[in-house]
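Number of protein chains: 4
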Amino acid sequence: MIDLRSDTVTKPSEAMRKAAYEAEVGDDVYGEDPAVNELEETVADLLGKEAALFVPSGTQGNQIAVLSHCNPGNEIILEEESHIFLYEGAATSIFAGVQTRTLKGQRGAICPEGLAAAIRKDDIHFPETGLICLENTHNKAGGAVIPIENMMVIAQIAREHRIPIHLDGARLFNASVASGISVAKYAQLTDTVQVCLSKGLGAPVGSVLAGSELFINKARKWRKRLGGGMRQAGILAAPGLVALRENIERLADDHENAKLLADGLAEIDGIEILNKVETNIVLADVQGTGMTADAYVQLLKEQQVLANAFGPYSVRFVTHYDVGKGAIKKALAVASSLSKQPN
Amino acid sequence: MIDLRSDTVTKPSEAMRKAAYEAEVGDDVYGEDPAVNELEETVADLLGKEAALFVPSGTQGNQIAVLSHCNPGNEIILEEESHIFLYEGAATSIFAGVQTRTLKGQRGAICPEGLAAAIRKDDIHFPETGLICLENTHNKAGGAVIPIENMMVIAQIAREHRIPIHLDGARLFNASVASGISVAKYAQLTDTVQVCLSKGLGAPVGSVLAGSELFINKARKWRKRLGGGMRQAGILAAPGLVALRENIERLADDHENAKLLADGLAEIDGIEILNKVETNIVLADVQGTGMTADAYVQLLKEQQVLANAFGPYSVRFVTHYDVGKGAIKKALAVASSLSKQPN
Amino acid sequence: MIDLRSDTVTKPSEAMRKAAYEAEVGDDVYGEDPAVNELEETVADLLGKEAALFVPSGTQGNQIAVLSHCNPGNEIILEEESHIFLYEGAATSIFAGVQTRTLKGQRGAICPEGLAAAIRKDDIHFPETGLICLENTHNKAGGAVIPIENMMVIAQIAREHRIPIHLDGARLFNASVASGISVAKYAQLTDTVQVCLSKGLGAPVGSVLAGSELFINKARKWRKRLGGGMRQAGILAAPGLVALRENIERLADDHENAKLLADGLAEIDGIEILNKVETNIVLADVQGTGMTADAYVQLLKEQQVLANAFGPYSVRFVTHYDVGKGAIKKALAVASSLSKQPN
Amino acid sequence: MIDLRSDTVTKPSEAMRKAAYEAEVGDDVYGEDPAVNELEETVADLLGKEAALFVPSGTQGNQIAVLSHCNPGNEIILEEESHIFLYEGAATSIFAGVQTRTLKGQRGAICPEGLAAAIRKDDIHFPETGLICLENTHNKAGGAVIPIENMMVIAQIAREHRIPIHLDGARLFNASVASGISVAKYAQLTDTVQVCLSKGLGAPVGSVLAGSELFINKARKWRKRLGGGMRQAGILAAPGLVALRENIERLADDHENAKLLADGLAEIDGIEILNKVETNIVLADVQGTGMTADAYVQLLKEQQVLANAFGPYSVRFVTHYDVGKGAIKKALAVASSLSKQPN
Ligand SMILES: [Ca+2]
Ligand SMILES: [Ca+2]
Ligand SMILES: [Ca+2]
Ligand SMILES: [Ca+2]
Ligand SMILES: [Ca+2]
Ligand SMILES: [Ca+2]
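Chains as they are written, first to last, in this note's numbering: chain H, 5 to 347; chain C, 5 to 347; chain A, 5 to 347; chain U, 5 to 347.
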């Protein structure tokens, strides 16, 4: 199987497994797990934040951020195809009681003027704008890197209105490797950041949420309420540390493979590439093949290639370290053969 | 004062006050207030619904509808400038735990294709689409009448997906009078409807929510939780009955006055009319006067004319029965004089 | 019918109806209703608070208090048979996201030591104690007056822990008339108070919530979200003012009638009085008659006397101004005749 | 250090670490992790339920149960010192919007008559009783085994009222080993069960929630919303399987050690044992030593013995597989020496 459905499918490397095996652990609910503590400090340092918190998933990291920043009746502003809005089961409204205010982005980037206009004035009829959420890279926009200039203007607006910013940086390391801008530079424009260890970095489980000490103290309690306080979590944190040590720079290979895949797909009859491929995601429109995305993905699967239907006619391919250049070429051969078949 | 801020400012007529004075009352929490019962039956009949519930405000009627139709984690679809989304303090997310999914409308009317595309598929990442909310007339679109053809297509889509529709009909009687289509015809396309008595109809307080018996039974309990269960509420219901009896047809005068006002304003230097005036709302862009909406409204006020700033440069005027043709002409004279002054 | 089910069934007097008829009204959502403003100021003064807010019901007043004082994840401490806990549909948990911590009271009065022990320490596992709720008089304890000494000790504990107190004073005027202690003296021991106008005071609809200016500003927004913002609410506020002016002192008659009723019932075979009758509520155990409360209440009803089943064998009678001494005597005659019948 | 604070501090055994190292993993959000699937099937079988779900913590298992069983506005009945009520940060009220109704238990066991009386009738003022929660063994009652006879009567009442039961079985294996009654027998009396792998069983992280297929499908979505969906979770599930295979029967040793500890402590001046020691928890009252629990625990710590203050004067000791008989004897020697010191 060549699994291009998501970079979440990455499996832990030998080094990560060994790290799990050898992890010095303790009870993290008591704050005594050495591997977790080291991981949290490492990520806080990388992101230039005072403190960090290990959480079981990116979704939980994002939810904790909203719960810690907001009060019920607040409105949060986010891009209309952001992960928090599309893929987290309306959790921000259920748990934090906030209303989602979505803005249409350009390749995932929110227009600063639109943002400024969307911030609520003080009025008895209005929710209070409590948080701005950004996502970099932006999944639904095809792994698009949000330009730092865009983030800088937004940060300026947020500061003026004293509204915090949370960055869903599930794939922030991809953005950093693609742009050459450090994750700390991105992070410094936002109050809090969530980064995933289990996507391109390949760790088995977990994300890290970073921010001020005060924020992380609040976050720790929300994690407990959400049931994300784990005991000997070092068994996950230790491979997470390996992921950070060994797998950041190599994301460049994934990006190169994604371009290779996109270029190959572009040459196939009936397939159009929908996104500018900057990182590890390729979005392909397959309507020209006469198939829906669902049908196309099914045919690929029969040939041992996995991808995800992402819209009625769009298919998402995600490259990662379990799929090398050779596998990409095989996948292209399969895609090529599908277009040659009479439907 | 010529008060054109809203039709909510209408004051009860002599007949309404007399009805309040004479109202036969009882304890409505026990279901024993005769005037309330008569009002609820009257509105249910008018709207062609099985049952109805008197509530203290349109906001509460809408909130009860969302609470009664939805479960936490649902997503509700609504127009991006609808009252429920813009002006109810994020209450649907706080109280019902639902996520708001907004669609850009055309004069308040949601595009059916966009609606169909926004309905969620069954997926562990997705909220379930639990309700579609419409608003007719549409306040923010300038009292626009949502075409019944648009509502028919949406009703068809909703039925196919088994998603209920709630109609925020705060000004549904205005839509009906303007279009010549009965409120029952509109209501039959939706599962539940909320109509206001205290706007153009002139009753002092209250709205009515209508739907199936089953729905109203659920709604009654949600009303209790929200603190909308009132005791001798006949004192409000009796004038509400007068409002329904005496003030529906005369909404045509308000619509005529709104057109008169719009035509007059359109001729004033620096003012542009933003909406097609179908009912009792006029939206004017005052940017050409060199003033912001706030400044313009302030100047009007100094001349005894009240209106509401509705955007940075847009001003809303609402006609109603406490403002006759003469008052409209005076208001126009004031507006005209403002444009002649050097700023 | 002799209606002893509740003092909520009181119907507005001629003076109240006239006040409604003549009320000078305005749009209270704009803060422009003179009668509402006068009512709010009057109650704030009576209670010695900075500000007050008119709300459609006691339930809404209590809910707004919890929403304004607390954050989600707080715990509120309240007596285990308090109205907020027993009779408000779990609304504090749904809307404010707070957990209810109940303490068993003595005639409705919480034991201060138990209260102190129930206040949570700072710990990642614990909700934060966010509010203490008292109820005076205490409905379920049979209209018991909570001794001011008890409230003073509780206020001291609350102050030490910086926890606010909300007083559900739906029948605080009854407590005051019975004890001779002013409502202001009670109110000064608590941060916020809700008093009902539509119970013993006889107004058709409404309660008032009082507290600091800052609190009432928050409360006003929560009222809007709950749908309690009403337009020409003066039509209710004006009779409310009459109620305050004319009906406080006469609560003594209700208390006297309650004693008369209790003394009479006590002499009837098979009936035991359960409460020390201090105000306008009588709780009777009817088990000795061989009937359940439901059956007993049904028999009374057939003889034109209404009361409420309050437990499997307990029946609640509430006196109020629509039931005079003569009616009490008739009710006693009916009760007496029931016990003489062979079942 | 002799760590008797909790059985959560157990560290993974060599066999568990090896299992993590070798775990065959997949993406569990796609349902493709073989170790997770095996663990879930194993636990479902053990408990005699149709299906099961791996979750990061017991708290999350409990919260998911409440979210899946209940609607907002429901009331849940639970013992007044249960973990869900005392130690989960009011999460059931925040997230599920349910009100907690607590009943005083006898050694953690709820009185069936009290339970029956607490179930709400159908009334517009009342929350609907939506769930009964039991806890076995009961932590705060000192690891007390809830008698199966008590559970049988409760199950009967619940069935009659069609109210589901959730069992917080964080330490259900301790109950089973102590009583000789299988976990399946306990589980069959309840609709859903949560069991912890990371307490006495020694797995590094995780709990399992079991119930019907329909329930687990709902639960899976709530887990996603709470952020408990983990990717290559096999790294945790594999040691969990080892825990189930190797560590259930040996809980008897922990129970024996707890008795040894209790007997020893009982002989020390100033210490009283508060609970009947049936499993692995000992509660000691240290007031007779002249110290508070906090002070006593601090002194123990200086002598390398860890325990938890559990009340103003009560100290909790929990035995587990990282503390053998020798360590217990050392702990006793320390405790003995403390009582001999002049304070
Ligand atoms: Ca992975
Ligand atoms: Ca009005
Ligand atoms: Ca009016
Ligand atoms: Ca009344
Ligand atoms: Ca362990
Ligand atoms: Ca453990």
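One should not assume that every hint holds.
Identical copies go unnamed one by one, so any copy, or any two together, can satisfy a pair.
[Said to hold, decoys possible] Here are the simulated SDA-like cross-link-like pairs (lysine to any residue), alpha carbons at most 25 Å apart as the crow flies: (1) LYS125 <-> LEU107; (2) LYS263 <-> HIS129; (3) LYS108 <-> PRO316; (4) LYS280 <-> LYS329; (5) LYS22 <-> GLN291; (6) LYS222 <-> SER340; (7) LYS125 <-> ARG9; (8) LYS189 <-> ILE152; (9) LYS222 <-> ASN75; (10) LYS125 <-> TYR91; (11) LYS280 <-> GLY268; (12) LYS334 <-> ARG124; (13) LYS125 <-> ARG111; (14) LYS280 <-> GLU253; (15) LYS280 <-> ALA337; (16) LYS344 <-> CYS115; (17) LYS22 <-> SER216; (18) LYS334 <-> GLU217; (19) LYS344 <-> ASN75; (20) LYS344 <-> ASP127; (21) LYS125 <-> PHE314.
It should be emphasised that the hints constitute simulated quantities derived from the structure, not laboratory data.
To see whether the hints hold, each was checked on the structure:
1. LYS125 <-> LEU107: Both: 17 Å inside a copy, 22 Å across copies.
2. LYS263 <-> HIS129: Cα proximity of LYS263 and HIS129: none, with 49 Å in one copy and 28 Å across.
3. LYS108 <-> PRO316: For LYS108 and PRO316, both the intra-copy (20 Å) and inter-copy (21 Å) Cα distances are at most 25 Å.
4. LYS280 <-> LYS329: Classified as within: same-chain Cα gap 20 Å, cross-chain 60 Å, threshold 25 Å.
5. LYS22 <-> GLN291: Answer is neither; intra-copy 45 Å and inter-copy 48 Å both fail.
6. LYS222 <-> SER340: neither (52 Å within a copy, 40 Å between copies)
7. LYS125 <-> ARG9: Intra 42 Å, inter 18 Å, cutoff 25 Å: inter-copy only.
8. LYS189 <-> ILE152: Answer is within: at 9 Å inside a copy they meet the 25 Å cutoff, but 53 Å across does not.
9. LYS222 <-> ASN75: both (13 Å within a copy, 13 Å between copies)
10. LYS125 <-> TYR91: between (29 Å within a copy, 12 Å between copies)
11. LYS280 <-> GLY268: For LYS280 and GLY268, the Cα distance is within 25 Å only inside one copy (14 Å; across copies 52 Å).
12. LYS334 <-> ARG124: neither (52 Å within a copy, 34 Å between copies)
13. LYS125 <-> ARG111: between (28 Å within a copy, 24 Å between copies)
14. LYS280 <-> GLU253: within (21 Å within a copy, 58 Å between copies)
15. LYS280 <-> ALA337: Within. Shortest intra-copy distance 22 Å satisfies the 25 Å Cα cut-off; inter-copy 57 Å does not.
16. LYS344 <-> CYS115: Cα proximity of LYS344 and CYS115: none, with 42 Å in one copy and 38 Å across.
17. LYS22 <-> SER216: Intra 32 Å, inter 37 Å, cutoff 25 Å: neither.
18. LYS334 <-> GLU217: neither (48 Å within a copy, 39 Å between copies)
19. LYS344 <-> ASN75: neither (56 Å within a copy, 48 Å between copies)
20. LYS344 <-> ASP127: neither (61 Å within a copy, 32 Å between copies)
21. LYS125 <-> PHE314: between (37 Å within a copy, 12 Å between copies)
Violated hints for the displayed structure, listed by number in ascending order: 2, 5, 6, 12, 16, 17, 18, 19 and 20.
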